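Undergrad: Residue 467 in the numbering used here sits at position 467 of the sequence shown; the count goes up by one each step and never skips.
The set of hints was computed from the structure by calculation and includes no laboratory data.
Predicted model only: the values in this text are computed from it and were never measured.
Mixed in with the good hints there might be a few duds.
[Said to hold, decoys possible] Mimicking DSSO-like on lysine-lysine, the simulated pairs with C-alpha atoms at most 27 Å apart in a straight line are:
#, residue 1, residue 2
1, K185, K153
2, K448, K511
3, K574, K594
4, K265, K448
5, K594, K511
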Amino acid sequence: MHTPPVHSLQNGKHSGRAVLAVRVVRLVVLGTAALLATACGMLPPPAPIVQGPTTARPPMPVMAPRQNGAIYQEVASGSGGFRGMFEDRRAHMVGDTITIVITENTAASKQTSGSVNRTGSLTASVPTFAGMNPGVLSLLGVSASDANKFDSKGANGAQNNFTATITVTVVEVLSNGNLVVSGEKQTAVGQGTESVKFSGVVNPTTVNNQNTVLSTQVADARMEYRGTGYVAESQQMGWLSRFFLTVSPAISAVVPTAAHADRIKDLTTVAGVRDNALIGYGLVVGLDGSGDQTTQTPFTVQSFNNMLTQFGINVPAGASIQLKNTAAVVVTATLPAFVRPGQTIDVTVSSIGNAKSLRGGTLLLTPLKGVDGQLYALAQGNVVIGGAGASANGSKVQINQLGAGRIANGATVERAVQATVGEAGSIQLDTGTTDFGTVQNIVTAINKQFGTDTAQAADGRTINVRAPALASDRVGFLAKLQNIDVTPALAAARVVVNARTGSVVMNQLVKLEPCAVAHGSLSVTISTDPVVSQPAPFSQGQTVAGARSNIEVKQQGGSLINVKGGTNLADVVKAINAIGANPQDLISILQAMKAANALRADLEII
């Protein structure tokens, strides 16, 4: 009986283990290869650059009870709910939408290079040692040399074109009126999803009448285009490729690269009690063919279309509209102090187009706004023109101005301006001109009436007056204060000359010292007469037309006139009239008198 050797069994066991090890290694290799093959899809997506919400809903308006019987309510206006009939439908409050036209073109390139060279050499020899043979010692010499060189180059270039259109939502209105917008648009195609996000700050003045704005006009713009699915995964770089592309640039980066009394009311104003200017844009209709020529004033047509849109009427695009009975106007008004909602004020209506006349027109409902952009009054009514005119067959007669008119009590105040007078315990009076004498006289008169230290002078224009604590007491206090008689200080002697019109005005304190004045007028007259040169008979010449100019120079006056001095206004006027100069020449004479110290007054030319 044959017994197999033991070593053959052991060899079989080793062979089985080897096969198992090979299979394990094969599985590891296949798994690693699969991991590397799918590494692109396992990278996390990049962090979004558009932060915060991408939409917002407008706040629900708080419906307050009607006050003073007015349709317009200040609460609704404060929330941005009011829009004039002639305004474009542009975004201006939270929840409104704006269309962003994204057109971004960027191009950038970068190149870097570096080079390092290093060489070295070493030589050592033993010329003599213990009497040994020099031939043997020469074999003991040592020499060495080394050379290192490192070169690196890198280049990077990028060019991107991003074109899209997205409608975003106003999520916040800043204190200066700018709009913070944000929005997102998603599209699902097959198994993938594409999205465009945008956020930024929009200046309302850059939004056109179509409620669109270019992305290049948006501040702090953040825009991104992302997608999911197979197409998006194929555009992502795997971590293994990213590693090898990152290592080389990182290594290269190591390389470097007369006395009279006046009331205080007439001399001063109360600080805080002032008027405010209002302005608005509107349309005047009902004109008798004297309105704007719409082919030359497109803004009139645009405003008219906006108004029709408010009434649900859409004019076809490209339609030719002739609005001979309509004119675009600017409406101005002055909002007095302490005026209350429901009261009326006068307005002035002025044409801004080429309307011939506003006579017989009616101003449509026009919002009047202040410098802060808030609505303070609503204007509407029939325009009254102070002029008249007629034209026929090329002849025209016109009296006064036809392009502007007024509407008495034509605007109803809808918002009041709070004027705080004396709430801090002090009322400030302003004289309007710098005069320390007048200020001191006012302080003395107030303290004499109400007691010492009631009024104090702050400077040559301002007076601080202690005020009662109760508002009702302050009204009576100011009524008594403004009726106090004060003798103002004598004003400075002054002569005011209008260089454009030749008008000369002087006060009674002007003095004139005796002087001699010689003033002559020089006139140059140029006249041109047409002449015709006829050729001699049978000379075969031609008739020539020409012109003959005559120049005449005349000088009048120039004699020396003795001007007597004067200490009152009548004497000064008599002395100046004795010169016999016209107003334009008088300006030069007064300037010469001032230079000669003969005119004792301040000369102001306006």
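Undergrad: Taking the hints in turn, state whether each one holds.
TA: Hint by hint, here is what the structure shows:
no.	hint	result
1	K185 x K153	violated (42 Å)
2	K448 x K511	violated (35 Å)
3	K574 x K594	holds (18 Å)
4	K265 x K448	holds (17 Å)
5	K594 x K511	holds (11 Å)
In this structure, the earlier hints numbered 1 and 2 are contradicted, and the remaining ones agree with it.
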